[in-house]
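Participant: Chain by chain, the residues run as shown.
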Amino acid sequence: MAEQKKTVKFIIERQDSPTSKPYTQEFEIPYRPALNVVASLMEIQKNPVTTDGKKVAPVVWECNCLEKVCGACMMVINGRARQACCALIDELEQPIRLQPARTFPVIRDLLIDRSVMFESLKRVQAWVEVDGSWEVKDAPIQNPYTATTAYEISHCMTCGCCLEACPNVGPQSDFIGASPSVQAYLFNLHPLGKFDKEKRLEALMGKGGITSCGNSQNCVEVCPKNIKLTTYLAQLNRDVNKHALKNIFNK
Amino acid sequence: MINVSFYLRRLHSLCGLVLLGGVLIEHLLTNASAMGGPEVFNNGLAMMEQIPQPIFLGIEICLYAVPILFHGIYGVYIAMQAKNNPSEYGYSRNWKFALQRWTAWYLVAFLIWHVGYLRIYTKGIMGEHISYALVQSTLANPVVFALYAIGMFAAIFHFCNGITTFCMTWGITKGPRSQCVVDKGAMGLCVLMCLFTLAFMSSYFM
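So the protein lines, in turn, are chains R and F. Numbered according to this note's numbering, the first sequence spans residues 321 to 571. Numbered according to this note's numbering, the second sequence spans residues 3 to 208.
Source of the hints: derived by calculation from the structure; they are not laboratory data. Every value quoted in this text rests on a predicted model; they were computed, and no experiment measured them. Worth double-checking, as some hints may not be accurate.
DSS-like, lysine-lysine: derived pairs with alpha carbons at most 30 Å apart [unchecked claim]: (1) R:K326 <-> R:K366; (2) R:K366 <-> R:K329; (3) R:K519 <-> F:K125; (4) R:K545 <-> F:K125; (5) F:K85 <-> R:K341.
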């Protein structure tokens, strides 16, 4: 007697163009051990036939590194924003629902346009103005304890989980979200970057800056890199408040 | 660069905790005197009426009306920027985030009714004195009693959760442990204040 083949069921929210209406389709693929969502989507791509036997256009999604480093494959899996590459089928409840992260504009199916995050990084000046280069012995030194914190924050891969989970980020609001805000803190810690600290704090005080944080703290819960986002947001709150007092009394 | 939204938001936070927190506590204490019986309650009100009318009205406008209107109107703007999602992300803080906004919506409606009926209509237009008997007859209607109790619980939760978020917004509590301690303390205070409210509200019928 042939053993019933184990399968994995997916309900995928699809959308043909940035402006068209979303709809769902169901897919079923054969199970294999250690399968993850990205590998499943590849399986669907090979044979894009829905459970009711209709041949459809393959599902569009984005992925790159396949090891939770690049952030590209972020999508909403069973209602939660996370990386598809490290979402193991064995740990997910079936049918698995895949949706695009709608806090960003959807391009097609699960593919989203995250350029708003890049714009936010530019806004908070998430870089160091290098005004020269040094021999190793002459370079400004970094406090090793500060470097540990900086290393943690530098893990951020701009995946956008924190923005998708945040109730205050979305088309209804102009909040830039946790990730870009905390990147400003990262560059404020840098021995050369800190020269522009006030510029970054000013940017964070602007409309949609850290002011729009409502302390729902979803960001820290969903961050795939376990960055202590709320701790750094609170530190930034301290910094911008001090900066605001300086603005009031020093001028 | 003038960061208007930054200063407005910080003012909103400060105004909510300090001024409106004060209003809430004043209401709790004044109304708690009902537990001492009609005499104590009416004497308290009579003492307040000793304050000359223009000064009393000035206090009402500066410490009650203006802060409530500012916090309420700017608060509605803030609440509209949120898309509550506790059903997807059911963490305790996210639930409180949503509750902070839901209680706010209830309080907008409740305060229009409460201030409009008691302060503007009954006291202002009809010229009636607020008294133990008046409050008792108002609360005698079980629907009114329930709406008032929910209004008080909403205000108390909004205030207590406001303490926690105030500490985060002002950078007082930074790490998760200190935030958790303040959160638990504030929720404890919330329970105590709700029980206290229930006690003086039902004392009218004991």
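Participant: Now tell me if each hint is right for this structure.
Facilitator: Tested hints:
no.: 1; hint: R:K326 <-> R:K366; verdict: 19 Å, holds
no.: 2; hint: R:K366 <-> R:K329; verdict: 16 Å, holds
no.: 3; hint: R:K519 <-> F:K125; verdict: 53 Å, violated
no.: 4; hint: R:K545 <-> F:K125; verdict: 59 Å, violated
no.: 5; hint: F:K85 <-> R:K341; verdict: 20 Å, holds
Checked against the numbered hints above, the structure violates hints 3, 4; every other hint is satisfied.
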